[in-house]
Amino acid sequence: MKVGTRRLLFIPAALGLGALLLWGVAGLRGFGHYDGAYGLLLNHTAVAERHATNVVMAVTFDYRGFDTLGEEFMLFAAIFGVALLLREERTEIEQTPDDELPGRAVSHTSDAIRAVGVMFVGITALFGMYLTIHGHLTPGGGFQGGVVVASALLLIYLASDYKSFRRIVSKTWIQPLEAIGMAGFVMVGLLGPLQDAAFLENVLPLGRSGNLFSAGIIPLANIAVGMAVTFGLVLLVNDFMEQTLLIRAPRQLGHR
Amino acid sequence: MTTLHFMILMLVAIGGTGVVLTRNPATQAIVASLYGLLLAILFVALQAPDVALSALVVSVIVMPLLTLLALAKVRDYQLEQRSQKQ
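Chains as they are written, first to last, in my numbering: chain A, 1 to 256; chain B, 257 to 342.
For the record, the hints were derived by calculation from the structure and aren't laboratory data. Hints may be right or wrong, so weigh each one.
Here are the simulated distance ranges between beta carbons [what the hints assert, rightly or not]: (1) Thr259(B) / Leu126(A): 32 to 42 Å; (2) Gly274(B) / Leu85(A): 27 to 37 Å; (3) Glu336(B) / Phe127(A): 40 to 50 Å; (4) Gln342(B) / Ala77(A): 40 to 50 Å; (5) Phe10(A) / Gln342(B): 37 to 47 Å; (6) Gly81(A) / Ala328(B): 16 to 26 Å; (7) Phe10(A) / Leu302(B): 23 to 33 Å; (8) Ala37(A) / Val276(B): 36 to 46 Å.
Since this is a predicted model, take the numbers as computed values, not measurements. Idealized CB from N, CA, C, for every residue including glycine.
The task is simple: from the sequences and hints, build the whole structure.
This is the structure we're talking about:
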């Protein structure tokens, strides 16, 4: 089919889709006039049952904790797939780029960027950890805090050069920590069967709602998910950076 | 729908159109990063702060970074292919 014919066919199709979309949006309730059943039920019962003031956290880590487990393994599969695709193959060897050979000065990052980076790395990491630990009290949680700490680690790359980033964020300590985070969530879930309850059931003491140590397993699950997300994301970006910034030259015959 | 919601939705619509109309991939990554910031503001206005926090970091920082790294790798590969042919 030619491009002109396709464009002509697009117009009635777009008009039909637009009419359906407008009819659907016009039938929605106004913002703030929620008429479902579960939202109102959760508002009445979740804080009293789980002592967590962030009801979204109570749903994702307690009522629907199993779905979050599936999501964590989806993230793990994505990171694993990228690491597999971007691995160093047998026909390639890794070389440092030409401007980092010994005896040649590395190009200097500007001092303003370095100063701002140094100021913000600590603050961003602390803020990410605050979001993770206080997930059951205020908006935030494991995933949100985890990505903020990951961006703090990536800020190290922005504030300095690739060599120092590689030295600080090396795979020897990032990979085990990510595995500990992923496995930690399953371990937290296994606390249930140890006490004759269901998997991922909230079996730790619930405490008083509003305290930091409350809501049972939710803070522990948040910390595990935060660790997994942080180091997983840093591994992902590190794979891309290795592929781009380290030259992979084809291995010559008779060379190593 | 209040005036604030209307204004932010208009900004999101203009931002989305801007992302589509930017043809150069490297520039489009930066414009998509700005669009992610507008989306995060929209989510906060619609009272969904958890979504806004995740959308902020993932769409403003990680997505453009991965896109730009992939583009740099493709450009280096093309340059290498061209120099090998000569």
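For each hint, the structure was consulted:
no.	hint	in the structure
1	Thr259(B) / Leu126(A): 32 to 42 Å	holds (36 Å)
2	Gly274(B) / Leu85(A): 27 to 37 Å	holds (31 Å)
3	Glu336(B) / Phe127(A): 40 to 50 Å	holds (42 Å)
4	Gln342(B) / Ala77(A): 40 to 50 Å	holds (42 Å)
5	Phe10(A) / Gln342(B): 37 to 47 Å	holds (43 Å)
6	Gly81(A) / Ala328(B): 16 to 26 Å	holds (21 Å)
7	Phe10(A) / Leu302(B): 23 to 33 Å	holds (31 Å)
8	Ala37(A) / Val276(B): 36 to 46 Å	holds (39 Å)
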